[in-house]
Amino acid sequence: MKVKSLENEVMIQVNNLTKKFNEFTAVDHISFDVKKSEIFGLLGPNGAGKTTTIRMLSTLSRPTEGTAAIGGYDIVKRDNKVRQLIGLVSEKMIMYDRLTAKENLRFFGKLYNIPKVTLHQRINELLELVQLTKWKDSKVGTFSTGMKQRMNVVRALLNLPEVLFLDEPTLGLDPQSTVEVREFIKKINQENKTTIILTTHMMNEADILCDRIGIIDHGKIAALDMPTNLKNSISGANTTILILEIANLTPDLIATVRGLKCVETVSQENTSHIKIHAHGEEAFDSIIDSIRGRKGNIVSMQNIQPTLEDVFLHITGRAIRDKADNKISIPTHRRFRQQRRVR
Amino acid sequence: MINMGAKNMISHSFRIAWKDLMELFRNRMGLVLLILMPIFMMGMVGFIYPSETSLNNIPIALVNEDKGFGGYNLSSTFILTLNTINENTSMLTLTNTLNLDEIREMIQTGDAEGGIIISNEFTQNIISGKQGTITIVTDQSNPQMSAMIQAVMSQVFEEMGTTLAQQNVANQLGMDPSNALAIVKPYNIQTEGSIEGEFSYFDFIAPGIMAMTVMMSVMTGLPAAISQEREVGTLDGMMVAPINRFSVILGKTIAQMARGILQGVLILALSMILFGVTIHGNILLVFALLLLGVFSFVGLGVVLTSFAKDQETAVMMMTTIMFPMMFLSGVFFPIEQMPPFMQGISKLLPLTYVADSLRKVMVLGADIPAIAPELSILIVFGIIMTVIAVPVFKRAMTR
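Protein chains in written order, with numbering that gives the first Met the number 0: chain A, 0 to 342; chain B, 0 to 398.
Calculated from the structure, these hints are not laboratory results. A quick note: this is a predicted structure, and the numbers were derived from the prediction, not measured. Accuracy of the hints is not assured; some may be wrong.
Derived list of chain B stretches under chain A, where covered just means 3 residues or more per stretch with a C-beta under 8 Å from a C-beta of chain A [stated by the list, open to error]:
id, segment
1, 55-65
2, 104-112
Straight-line distance between alpha carbons at most 27 Å, and here's what the computed BS3-like set of lysine-lysine pairs gives [said to hold, decoys possible]:
id, chain 1, residue 1, chain 2, residue 2
3, A, K219, A, K230
4, B, K6, A, K80
5, B, K6, A, K91
6, A, K19, B, K6
The beta carbon of each residue, even a glycine, is placed where N, CA and C say it ideally should be.
Chain A extracted, bound-state conformation (with noise of 0.2 Å):
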């Protein structure tokens, strides 16, 4: 566990944010705090308004109601300050193909005006911490994706932030590329002490990273809590959660199963395996007997600890997949309006 001196010290305040486009609420009314040098995590399917928050936060995006605090600056009348404070690492690359890693580093820490030579020293530290030192003078155009997102979030740090923003900041990244970015997340995070707000549509990716985890749903944060709370919050509720394999797998078994009273959902993984979600004192019991009754031949069992997606689906009342699948069904043109107003 990290050590945190200023543990009670909020740094991020926010309001009844609000943010509508024409008759499209994106952020309904939220209301959360961050503490310095915290890691908290705004968890949901695409379209649940992650982003818009983060934009309103970051000062790109003024709000249509409420207000937020960044260091005790509003983010609306005092933007400029909040400005010097953040940095923001989005979903899309911000960086000039054409100029080369140093000079998209210069051009940005020149908005900053920091002075030459520190600007100077900064860069090659900021390069070297990235292993980029190497390619420091090649155009960016010519990088890999992992590449290319390391000195986004690098280019972020240049103002050394109090407050870091991450939009998705592994979205489209290989697993070794992701893990690298996570680790270096947490790096800042404990030696800068840096405060970090980010969001993501990957359970384990909060799970492993974040302090604190708002559900977003709707525009609306449906629970907040620390993930082991949360996970816990829903083993209190008496859920069980069993991985079953069973070598005679039938239609007419899960039927079965699905008809029993303390059964809430089954869920087929694959020709031999079942994932039942069930509750009460008695479920174990109950699944296995009727299995065993009907015949049904175990070859092995698991009792699986929650994970933030059966959170998810326990609050939302459905998987955060279904969700994103859902999406496309809408007609294309409706499609495209919706996610240019929520960027």
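Since the structure of chain A is already known, use the hints to place chain B on it.
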């Protein structure tokens, strides 16, 4: 404090401009097009417009219906004179035909652009003291050509008529031919330009084209550059930095202006080398005017950028505005030729004043006091546009 802010804003603008220019110069293809555009533009307008030498060997059908009178045949004298004049200028190529119908046929097939008919009582009328009649047949489907032929031939015929009249008067009154000329044609008309030297249509058009290119470059370049950065996402990088929003506009404008001026200089060089255009006024004033022109207009570009959702829309909007402006601002055609309503519109366009004052400076050698009205109009335009543009841009950026 305010001083500090202004200094920062300007230094940030130059940073942004420098960045944009670096990107521009590293884009080979873009750079080539940037240089080719003025060359094409110049070649196009420089060579397609009519000049004195372009009126050559116009095919004309000739019908001589004159029957002569009392042994005289004045029409053959007339044709002889026409041929003599034509040999010197080689303006027309004459073909003999039979009648009006044949001329019409030849115009239809394209063998002739027009025709001349000498009436059958030509000699008889002149000798009996009446006017002889010559008919000019023109092709109405090509109004410009027909107007030109009409003008050229009227001039030729009038000259011939004057010579004939001069001879008649001299003979009848027994006068000296030069005194006879004074009776036939009491006025001697001379044309003198307000400045020395030879001038062509190109001298008229070059300053306007320069103004147009520079402004077009900025006007299409600015919305494209801003909305492109917005689409790619890099604009957020600038907007999230603690800089004045105005420095983004200013920086982009400086970069586009540098690009435009580069093209302007190319045009100037080309028109000096290829078309013999000379600058009579102060060259610094020429550039100052170009800058002022951009200033007067950049606000409109920014407003349009703010409304445009993406690059495509922005460029389309700009093109829609640029086209009428090109033709209404007197770059190609003098404003005085236009109907009053259109003249009114053209007075609302800043390009009109830029082209006009640039022409005065480059061709007439005008100095600042001489173009003061245009200058003040441009400054007022610019201030109004900027005052509207900055808040609109700020709002659009925090949508």
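Against the structure, the hints:
| no. | hint | in the structure |
| --- | --- | --- |
| 1 | 55-65 | violated (count 0) |
| 2 | 104-112 | violated (count 0) |
| 3 | A/K219 / A/K230 | holds (20 Å) |
| 4 | B/K6 / A/K80 | holds (18 Å) |
| 5 | B/K6 / A/K91 | violated (31 Å) |
| 6 | A/K19 / B/K6 | violated (37 Å) |
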